[in-house]
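Could you put together the complete structure from these sequences and hints?
Chain by chain, the residues:
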Amino acid sequence: MPEQPAAIRVHNMSEVTHGYSEAQARLEAMRCLQCRKAPCVGGCPVRIRIPEFIQAVADGEFARAATIIKESSLLPAVCGRVCPQETQCQEPCTVGRALKDPEKGVSIGRLERFVADWERGCGKVETPAVKPGTGKRVAVVGSGPAGLVCAADVRREGHDVTVFEAFHKFGGVMMYGIPEFRLPKAIVGEEVDTLRRMGVELTPNFVVGRTRKLTDLLEKDAFDAVFVGVGAGLPRFLGVPGENLVGVFSANEYLTRSNLMRAFERGKALTPIFLSKRTAVIGGGNVAMDAARTALRLGSDEVHLIYRRTEKEMPARIEEIAHAREEGVVFHFLRNPTRFIGDAEGRVRRMELLKYELGPPDDSGRRRPVAIPGTEYIMDVDGVIVAIGNSPNPLVPRTTPGLETTRWGTVVAADDGLTTLPRVYSGGDIVLGAATVILAMGQGRTAAAAINRLLAGGAPAREAAEKVESIPDQG
Amino acid sequence: MDCSPHTVLYKKQLSEDVFLMRIRAPLIAGERRPGQFIILSVDEEYGERIPLTIADADTAEGSITLVFQRVGYSTLALADFNPGDTLPVLVGPLGRPTHLENFGTAVCVGGGIGVAPLYPIIQGLKEVGNRVIAILGARSKDLVILEDRIRELADEVVVCTDDGSYGRKALVTGPLKDVCERTPKPDVVVAIGPPIMMKFCAETTRPHGIHTLVSLNTIMVDGTGMCGGCRITVGDETRFVCVDGPEFDGHKVDFDELMSRLRSFQDQEAEEIQRWQREHACRMQQALEAATPGKESPA
Ligand SMILES: Cc1cc2nc3c(=O)[nH]c(=O)nc-3n(C[C@H](O)[C@H](O)[C@H](O)COP(=O)(O)OP(=O)(O)OC[C@H]3O[C@@H](n4cnc5c(N)ncnc54)[C@H](O)[C@@H]3O)c2cc1C
Ligand SMILES: Cc1cc2nc3c(=O)[nH]c(=O)nc-3n(C[C@H](O)[C@H](O)[C@H](O)COP(=O)(O)OP(=O)(O)OC[C@H]3O[C@@H](n4cnc5c(N)ncnc54)[C@H](O)[C@@H]3O)c2cc1C
Ligand code: SF4
Ligand code: SF4
Ligand code: FES
Numbered sequence: 000m001p002e003q004p005a006a007i008r009v010h011n012m013s014e015v016t017h018g019y020s021e022a023q024a025r026l027e028a029m030r031c032l033q034c035r036k037a038p039c040v041g042g043c044p045v046r047i048r049i050p051e052f053i054q055a056v057a058d059g060e061f062a063r064a065a066t067i068i069k070e071s072s073l074l075p076a077v078c079g080r081v082c083p084q085e086t087q088c089q090e091p092c093t094v095g096r097a098l099k100d101p102e103k104g105v106s107i108g109r110l111e112r113f114v115a116d117w118e119r120g121c122g123k124v125e126t127p128a129v130k131p132g133t134g135k136r137v138a139v140v141g142s143g144p145a146g147l148v149c150a151a152d153v154r155r156e157g158h159d160v161t162v163f164e165a166f167h168k169f170g171g172v173m174m175y176g177i178p179e180f181r182l183p184k185a186i187v188g189e190e191v192d193t194l195r196r197m198g199v200e201l202t203p204n205f206v207v208g209r210t211r212k213l214t215d216l217l218e219k220d221a222f223d224a225v226f227v228g229v230g231a232g233l234p235r236f237l238g239v240p241g242e243n244l245v246g247v248f249s250a251n252e253y254l255t256r257s258n259l260m261r262a263f264e265r266g267k268a269l270t271p272i273f274l275s276k277r278t279a280v281i282g283g284g285n286v287a288m289d290a291a292r293t294a295l296r297l298g299s300d301e302v303h304l305i306y307r308r309t310e311k312e313m314p315a316r317i318e319e320i321a322h323a324r325e326e327g328v329v330f331h332f333l334r335n336p337t338r339f340i341g342d343a344e345g346r347v348r349r350m351e352l353l354k355y356e357l358g359p360p361d362d363s364g365r366r367r368p369v370a371i372p373g374t375e376y377i378m379d380v381d382g383v384i385v386a387i388g389n390s391p392n393p394l395v396p397r398t399t400p401g402l403e404t405t406r407w408g409t410v411v412a413a414d415d416g417l418t419t420l421p422r423v424y425s426g427g428d429i430v431l432g433a434a435t436v437i438l439a440m441g442q443g444r445t446a447a448a449a450i451n452r453l454l455a456g457g458a459p460a461r462e463a464a465e466k467v468e469s470i471p472d473q474g
Numbered sequence: 000m001d002c003s004p005h006t007v008l009y010k011k012q013l014s015e016d017v018f019l020m021r022i023r024a025p026l027i028a029g030e031r032r033p034g035q036f037i038i039l040s041v042d043e044e045y046g047e048r049i050p051l052t053i054a055d056a057d058t059a060e061g062s063i064t065l066v067f068q069r070v071g072y073s074t075l076a077l078a079d080f081n082p083g084d085t086l087p088v089l090v091g092p093l094g095r096p097t098h099l100e101n102f103g104t105a106v107c108v109g110g111g112i113g114v115a116p117l118y119p120i121i122q123g124l125k126e127v128g129n130r131v132i133a134i135l136g137a138r139s140k141d142l143v144i145l146e147d148r149i150r151e152l153a154d155e156v157v158v159c160t161d162d163g164s165y166g167r168k169a170l171v172t173g174p175l176k177d178v179c180e181r182t183p184k185p186d187v188v189v190a191i192g193p194p195i196m197m198k199f200c201a202e203t204t205r206p207h208g209i210h211t212l213v214s215l216n217t218i219m220v221d222g223t224g225m226c227g228g229c230r231i232t233v234g235d236e237t238r239f240v241c242v243d244g245p246e247f248d249g250h251k252v253d254f255d256e257l258m259s260r261l262r263s264f265q266d267q268e269a270e271e272i273q274r275w276q277r278e279h280a281c282r283m284q285q286a287l288e289a290a291t292p293g294k295e296s297p298a
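Residue numbers (numbering that gives the first Met the number 0), protein chains in the order written: chain R, 0 to 474; chain X, 0 to 298.
Hints were generated in silico from the structure; no laboratory data involved. Just to be clear, a hint being listed does not mean it is correct.
To be verified - Calculated lysine to aspartate or glutamate pairs in the EDC-like style (CA-CA distance at most 20 Å, straight line):
no.: 1; chain 1: R; residue 1: Lys212; chain 2: X; residue 2: Glu44
no.: 2; chain 1: R; residue 1: Lys212; chain 2: X; residue 2: Asp243
no.: 3; chain 1: R; residue 1: Lys276; chain 2: R; residue 2: Glu325
no.: 4; chain 1: R; residue 1: Lys276; chain 2: X; residue 2: Glu30
no.: 5; chain 1: R; residue 1: Lys212; chain 2: X; residue 2: Asp1
no.: 6; chain 1: R; residue 1: Lys267; chain 2: X; residue 2: Asp1
no.: 7; chain 1: R; residue 1: Lys184; chain 2: X; residue 2: Asp266
no.: 8; chain 1: R; residue 1: Lys267; chain 2: X; residue 2: Asp42
no.: 9; chain 1: R; residue 1: Lys184; chain 2: X; residue 2: Glu44
no.: 10; chain 1: R; residue 1: Lys219; chain 2: X; residue 2: Glu44
no.: 11; chain 1: R; residue 1: Lys267; chain 2: X; residue 2: Asp266
Set out below in structure tokens:
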């Protein structure tokens, strides 16, 4: 897929990849074998009818392709860009299997993105039809992919929907976490506008649990059901000495300053961002890649990525790792910081790293990193971004008696999203632990279906979910 | 549920750089408890999110009161908002409310603008039956704020100024030490003000073993526990001021770390103040031109 050359793109925030032209898209679509059993569909968490939409693209019938995708996915422009396709739809693709490399399979995500962009580009995005009003009211807490999709699906049935968002902008991680160069904010903005046109009420600057208790939404404000999609926004830190020095940030803070508060537009934005020259990023997931690449764009001369395991175990998408490397991020595998060292002003100046080797596999099936004692060494840094993962945000559970959580802090929810409180549903990262956009979206959909059944009077005669402990996927 | 816009209802300049503002926010007014704060921003697209304590609330009017000091771009710009204007971003109440119980005698120490967050705590402590001794400090006479309001509530008020232009010529730690040496000694101390003042208040009470609460004014972004920018070391632990605080045991807070973290973005903040001055000068110029006779007045 055409993209900005690395040497140029590290100096701007614009999207890295340009997307297919019509001809390129049709050519790529023609690589699809239209397999009868379509293994790709099984790899997509929302079961998009992949061969059918790809055939439509090959036929040049882009509007038909869009209709097929939208049966299953409400945010194709987003998922086409950020889905980890190589472990989802593209992983079992017959073409890739034959070539022994999922990267060489049919580029399903890119085609999906093409269709979504084409639809937007020619102003053909239709506002989904909304059934006549039922007078029933649903509150959606959080405007990440889980919340947005749940809001849309419930609204379509004619129920009144209000989305409550803590921030001043909607979109959750798509807005504050994933950078502009990977997911332009205008796209997220358009998805939010679609909801607005459907008549969903969007209330920003509203922290459920603080501005109003969740139980008050049901009892005082007469909402008939609530969906909780508050995400996994609690940054983990390493817990090593010096981590609170000036210049050490969570990736959440660094990325929020840049994306949501637009700090990369120096001279316009009022939110400052730390400008370091030799930046270390700790972690190996998408968040770490995003932080590293943002640091380069903000003017770091060197960005060093420190990861405990090897490249093979990195949870980040292959494409993001490749992009980061092309842009000049230096990877240090089998290393982990043991402490950060500051100057007299309390600013970080150096860090101590310990070397690791791979031991036997752990519970996640990945080989466990084992420290090699006595191998500590020092590296100079003047900025550090910690990107070792997020835990579920405890604010809503803490302020909602009866809303049970697992010992990992995730909200307990049944398969249909019902929590341990009647009429309260949940989904997305707050249930799954830090997961993906498409999984969050899928859960928003499932919960919406359950809410719609409840409001139609056909809900199962069940008060609330049983508390079942399942291990959240930590990516 | 009234989610109507956050409109400024009233503004008053308390001293050269300190302003009091009442803002329509019925939901926040109804939910807030002493010790909690809001986050606001003066511009939805490019503004910075800054925390300010809810100094008072009026549930009948559906308003909250903020008292703030102009120190940088956001607070300079906020001071230019007038009654009728709407704040584009305002969210709260955030943070944990102050733990209120009848301790017996409570000493409430406020330094400078710190008197504003102290006021609702004094209110709360009085409501549950404490005897309250208020110690208010400022650099000079015209920087003493909310004295009348606090005199109405507190059982004893000591005012001191650094330059002696009003009240006792002392730092707040002077009268605080005296009160700690009384018998019986006070049961609890609440100190709010600049970090350095809180640090020395904590040092003053430490030898007397009096539990001392301080309210930390770290830099914040979201205010919901998402970014960790507000983190601070308390005892051996890292805590997030926005969700675990803002009040902590003053004897355990690492104030030196707090002070260096507050300086994180010094250079960029200085640039922003220059920018405000430029923009402000430009607006003044435009206003002057508009007011000059002979020129077309705006329709
Ligand atoms: C930097 C980064 C990069 C990522 N890259 C990818 C990627 O490439 N591909 C991919 O598939 N996934 C990626 N992810 C993961 C993906 O973004 C998440 O899994 C997904 O956004 C989760 O959606 P959600 O709806 O559950 O929650 P979120 O997107 O986290 O949204 C939750 C929303 O709820 C709001 N909220 C929280 N508490 C309250 C409250 N009390 N009241 C009101 N509102 C509240 C929050 O402000 C937020 O807007 C990435 C994540 C990050 C952080
Ligand atoms: C819980 C809490 C309650 C507060 N209550 C009050 C109050 O009632 N009245 C009052 O006048 N001030 C209060 N403050 C401090 C107030 O938030 C800062 O003065 C304000 O953010 C400065 O913003 P600025 O753009 O005007 O100045 P800047 O030029 O941005 O900063 C000036 C100084 O303010 C501090 N600061 C900067 N950005 C932030 C930020 N985002 N959050 C916090 N501090 C920052 C830094 O020390 C900085 O050096 C409170 C702070 C906290 C954390
Ligand atoms: S598996 Fe690959 S080739 Fe087969 S239908 Fe799916 S996309 Fe086409
Ligand atoms: S939604 Fe994601 S997993 Fe499903 S087809 Fe699209 S890119 Fe693949
Ligand atoms: S302000 Fe972001 S975690 Fe406290």
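Now for the hints, and whether the structure bears them out:
no. : hint                : in the structure
1   : R:Lys212 - X:Glu44  : violated, 28 Å
2   : R:Lys212 - X:Asp243 : holds, 18 Å
3   : R:Lys276 - R:Glu325 : holds, 19 Å
4   : R:Lys276 - X:Glu30  : violated, 45 Å
5   : R:Lys212 - X:Asp1   : holds, 15 Å
6   : R:Lys267 - X:Asp1   : violated, 33 Å
7   : R:Lys184 - X:Asp266 : violated, 29 Å
8   : R:Lys267 - X:Asp42  : holds, 11 Å
9   : R:Lys184 - X:Glu44  : holds, 12 Å
10  : R:Lys219 - X:Glu44  : violated, 33 Å
11  : R:Lys267 - X:Asp266 : holds, 15 Å
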